[in-house]
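Residue numbers (the working numbering), protein chains in the order written: chain H, 45 to 159; chain U, 117 to 230.
Treat the hints with caution; some may be incorrect.
To be verified - Here are the computed lysine-lysine pairs in the DSBU-like style, where the Cα-Cα straight-line distance is at most 30 Å:
| # | chain 1 | residue 1 | chain 2 | residue 2 |
| --- | --- | --- | --- | --- |
| 1 | U | K158 | H | K101 |
| 2 | U | K153 | H | K55 |
| 3 | H | K114 | U | K158 |
By construction, these hints were calculated from the structure, which means they are not laboratory data.
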Amino acid sequence: DAGITQSPRYKITETGRQVTLMCHQTWSHSYMFWYRQDLGHGLRLIYYSAAADITDKGEVPDGYVVSRSKTENFPLTLESATRSQTSVYFCASGGSGTFSYNEQFFGPGTRLTVL
Amino acid sequence: GENVEQHPSTLSVQEGDSAVIKCTYSDSASNYFPWYKQELGKRPQLIIDIRSNVGEKKDQRIAVTLNKTAKHFSLHITETQPEDSAVYFCAARPFSGGYNKLIFGAGTRLAVHP
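Turn these sequences into a full structure, and let the hints steer you where they fit.
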């Protein structure tokens, strides 16, 4: 869906470097999420945000930092990249209420390789 | 913490046969169970979902059943077609403070052979 975009789509970096993955949505969804996808592990939640300036840890937050100063953007930063962070990263958005049952819409993904 | 287990990890069927994928969840207070389909190189997309107050839901060739007592839910695909070949993920939404987060299973790779 054009409503949620990620950049870059592909990134190669070296161990120890800082990397920021960008996510932008145009639906004004309250919730945004970051997942990583690795073979055999499915989609694992890294961080999520219920609204601007509200973020919380997911299942695998170590080594990652997020911020959400604007509703439409939710960048994910790897402060010091490690090889174990090589993965496909998906951003998602959805939900307009705390107790709603809203679909999560996924972005196209970013394939990150850490050498 | 919350956990969702999904079986089988791979499933191979002949075109026209049925396919069943099963998931179990750990948090008995989970209240929403979506299923996502991910084609090769694409993003996951929702195909069907069910809430905890419903036992079964059907949409054309796909259906989902929920057994809250056993903490099981299943995806059923009938009359499978080659375009059903993809990875399918189940998920559960734990009732943890009201946040709209999902816990996903590890996925099932379905191959439908003509």
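- request: Hint by hint, work out which the structure violates, then give me just those numbers in ascending order.
  value: Structure breaks no hint.
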